[in-house]
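In case you want the letters, here they are:
2 protein chains.
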Amino acid sequence: MKTISLLGATGSIGVQTLDIIRKHPDSFQLAAFSAGKNEQAAQNIIHEFEPALVSVMEKEAAERLQLQFPSVRILYGKEGLEAAATIAEADTLVNAVIGSVGLEPTLKAIKAKKNIAIANKETLVTAGHIVTAAAQQAGVHLLPVDSEHSAIFQSLQGEQEKNISRLILTASGGSFRDKQREELESVTVEETLNHPNWSMGAKITVDSATMMNKGLEVIEAHWLFDLPYEQIDVILHRESIIHSMVEFHDRSVMAQLGSPDMRVPIQYALTWPDRLPLPDTTRLNLAQIGRLHFQEIDFDRYRMLHLAYTAGRTGGTMPAVMNAANEEAVAAFLDRKISFLQIEEIVERTMEKHTPVQSPELEAVLEADIEARATVRSLLS
Amino acid sequence: MKTISLLGATGSIGVQTLDIIRKHPDSFQLAAFSAGKNEQAAQNIIHEFEPALVSVMEKEAAERLQLQFPSVRILYGKEGLEAAATIAEADTLVNAVIGSVGLEPTLKAIKAKKNIAIANKETLVTAGHIVTAAAQQAGVHLLPVDSEHSAIFQSLQGEQEKNISRLILTASGGSFRDKQREELESVTVEETLNHPNWSMGAKITVDSATMMNKGLEVIEAHWLFDLPYEQIDVILHRESIIHSMVEFHDRSVMAQLGSPDMRVPIQYALTWPDRLPLPDTTRLNLAQIGRLHFQEIDFDRYRMLHLAYTAGRTGGTMPAVMNAANEEAVAAFLDRKISFLQIEEIVERTMEKHTPVQSPELEAVLEADIEARATVRSLLS
Chain A
126 MKTISLLGAT GSIGVQTLDI IRKHPDSFQL AAFSAGKNEQ AAQNIIHEFE PALVSVMEKE
186 AAERLQLQFP SVRILYGKEG LEAAATIAEA DTLVNAVIGS VGLEPTLKAI KAKKNIAIAN
246 KETLVTAGHI VTAAAQQAGV HLLPVDSEHS AIFQSLQGEQ EKNISRLILT ASGGSFRDKQ
306 REELESVTVE ETLNHPNWSM GAKITVDSAT MMNKGLEVIE AHWLFDLPYE QIDVILHRES
366 IIHSMVEFHD RSVMAQLGSP DMRVPIQYAL TWPDRLPLPD TTRLNLAQIG RLHFQEIDFD
426 RYRMLHLAYT AGRTGGTMPA VMNAANEEAV AAFLDRKISF LQIEEIVERT MEKHTPVQSP
486 ELEAVLEADI EARATVRSLL S
Chain B
126 MKTISLLGAT GSIGVQTLDI IRKHPDSFQL AAFSAGKNEQ AAQNIIHEFE PALVSVMEKE
186 AAERLQLQFP SVRILYGKEG LEAAATIAEA DTLVNAVIGS VGLEPTLKAI KAKKNIAIAN
246 KETLVTAGHI VTAAAQQAGV HLLPVDSEHS AIFQSLQGEQ EKNISRLILT ASGGSFRDKQ
306 REELESVTVE ETLNHPNWSM GAKITVDSAT MMNKGLEVIE AHWLFDLPYE QIDVILHRES
366 IIHSMVEFHD RSVMAQLGSP DMRVPIQYAL TWPDRLPLPD TTRLNLAQIG RLHFQEIDFD
426 RYRMLHLAYT AGRTGGTMPA VMNAANEEAV AAFLDRKISF LQIEEIVERT MEKHTPVQSP
486 ELEAVLEADI EARATVRSLL S
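So the protein lines, in turn, are chains A and B.
Take any residue in the first sequence, note its place counting from 1, add 125, and you have its number in our numbering.
Take any residue in the second sequence, note its place counting from 1, add 125, and you have its number in our numbering.
Hints were generated in silico from the structure; no laboratory data involved.
Hints are supplied without guarantee of correctness; some may be wrong.
Identical copies carry no separate label here, and so any pair may be met within one copy or between two of them.
[To be verified] Within a straight-line C-alpha distance of at most 27 angstroms, the following computed DSSO-like cross-link-like pairs (lysine-lysine) qualify:
no.: 1; residue 1: K462; residue 2: K478
no.: 2; residue 1: K462; residue 2: K304
no.: 3; residue 1: K287; residue 2: K148
no.: 4; residue 1: K127; residue 2: K287
no.: 5; residue 1: K328; residue 2: K478
no.: 6; residue 1: K233; residue 2: K127
no.: 7; residue 1: K184; residue 2: K328
no.: 8; residue 1: K127; residue 2: K236
no.: 9; residue 1: K184; residue 2: K162
no.: 10; residue 1: K236; residue 2: K478
no.: 11; residue 1: K127; residue 2: K203
Kindly generate the complete structure, drawing on both the sequences and the hints.
Structure below.
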């Protein structure tokens, strides 16, 4: 029996994590969760899973829930998030919050000796050096939840790190993969949110269209698998059936494939190194799919991916700056304040204005994040 | 350092095995080998690798080689093959002979506690129950060399048998994959030997065109991975880039991919569970390949595959009969005595005439083999 604390229970990954817990009551138990502003969803989760602790975003919501559920400990805000992350009953933290808010609770959970199932890209992107060092020191595992990193993780089972030649992340190309760069000038928010393969949250769907999502994954892969950027490649694969690959130095390539269903990697992170059945997911039928397509990445077309490699190679505070700038720029795009191509323009200009600090402490990372957001605001005003 | 005995050193797999040994002189050493009728090739191998023991097919050749190489033990025939297979210095036998002649030396080698890198399909097809039981009793490993079984074996590293849902073997479709069944009536030996993806020996290239090769692989997979035929599927994949796959019960599919180069699976069998570099093999470039195609198997079109499943499910002596009938029929085809489609007709009729013995001892297997060959001769006369 694994006891789980779930940060971000009402988001896309959170809901699917709850489905996994629901399907395997003998294997998993929910000890705590955090939710955003959706009070009704939080109520439903408390009813169904009876956790010991719940954290919501706002004080008023926490007070209302506390009256409804007197036997559950209801907290709110940053403190609530950290209490949920470190609850003694849990052995595993599923970090499925969106954005850099996931960083500090994850570090606290690592120090509290929890294994981390990590769906929150920003945690590793902004502070990969801190998080991986902390995990190593605490002797806990960082278990990828993203389908790409899970594919790599699965491909590495039974293998030795010294034999890895390179990681090959697959990228669907996002909503606009069939558009030329000049066609991107005028795309709308609605078009951007119409992802061909996956149904995800708005932020990540925009990141998928700009390919910042893949950029964040490249940086995350760098930290998760301890490999230089020279050994991390990206290939366009529109069907998203091969979720990613590992090439070894004998030129053998291992890959993990499947129908697009995030519950498979989520469950794998929770069952690893074992597997449990997941009978209601769609079985892969390659004959029905017929063809898988592959194409080289054009870094001029997908400039955000180029920026992410640059940020990753620069290191230090630069990935945190890139990530914060991207969060702000995507929010501005979703608020219809800027155009699609201005997202990358803002990220690039914010990165240019930043003087990176190498091997930053957590505080310097957080400062760089704040500074980057301020830069974006000044660029937008 | 692994010390290797290589049966079938002058065949396609044998030559590539020697190349692997040549590339890694610090990892591998050749203790013994067997060769067929190519005396010049045997001389060259002795010169280069300086083995302690060599077995050739005929007495006269052995005598000539003995005069040339007085310090090497030169034997011939069945006894020579068994002496090479069981030589004390070797820890691993690479069984790369063609046809059912590989069976008895392999069993002797297992009893002599050698791990078996098994490229000889017939060994498992005709006596899988005997070979796997012997290997288990002796505590030795059966390491697949075939690219398909190696792909499955690689996909199973770090995994548990209980979690396997099915094996998915890929089939290129052979020389005639774009031909309708009625077009096969008139195909020639030359057309048959022109395989689109792999350069192999004549017998295996014909088997690839009839898809008996895949049928033998299905039976081999049954024994190697201890799974019922219901859990072994075949899919058409013309590019032979995905070498085979394993689906687990969480619907995750693991696959091994690569450029067509048999040295990769040969080397993996010898380095397992580790890997060694193989720098001069072609690196997989999926973007350059562009598309991978998949198609369901039509069992009416590929009737030999249907026969193989039938033989496998029938069990007992039936796979040995099917295999012997196929060897004889393919030889008759290569001798231009029968047409391409008559190969399967002969195999089917030979199987129909056989009354299978269940759980046969080795002697009964060998008798069934002899009986089947006699049946084919009577059908041909």
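Status of each hint after checking the structure:
When the C-alpha separation of K462 and K478 is checked against a cutoff of 27 angstroms, the pair qualifies only within one copy, where the shortest distance is 22 angstroms, while the shortest distance between copies is 80 angstroms. Taking the shortest Cα distances, K462 and K304 sit within 27 angstroms of each other inside one copy (22 angstroms), while across copies they are farther apart (59 angstroms). In the homo-oligomer, the alpha carbons of K287 and K148 lie at most 27 angstroms apart only across protomers (19 angstroms), although the nearest pairing inside one protomer, at 37 angstroms, exceeds that limit. Proximity of K127 and K287 under a CA criterion of 27 angstroms is satisfied inter-copy only: 20 angstroms between copies versus 31 angstroms inside one chain copy.
Taking the shortest Cα distances, K328 and K478 sit within 27 angstroms of each other inside one copy (24 angstroms), while across copies they are farther apart (68 angstroms). Taking identical chains as interchangeable, the C-alpha atoms of K233 and K127 lie at most 27 angstroms apart only when both belong to the same chain, with a minimum of 19 angstroms there against 48 angstroms between chains. In this assembly of identical chains, K184 and K328 lie within 27 angstroms of each other by CA distance solely inside one copy; the values are 25 angstroms within and 77 angstroms between copies. In this homomeric assembly, K127 and K236 come within 27 angstroms of each other (Cα to Cα) only inside a single copy, at 18 angstroms, whereas the closest approach across copies is 45 angstroms.
Taking CA atoms no more than 27 angstroms apart as the test, K184 paired with K162 passes inside one copy only; the shortest distance there is 11 angstroms, against 87 angstroms between copies. Proximity of K236 to K478 under the C-alpha cut-off of 27 angstroms is found in neither arrangement, the shortest distances being 34 angstroms within a copy and 72 angstroms between copies. Proximity of K127 to K203 under the C-alpha cut-off of 27 angstroms is restricted to the intra-copy arrangement: shortest distance 25 angstroms within a copy versus 58 angstroms between copies.
The structure does not agree with numbered hint 10 stated previously, though it agrees with all others.
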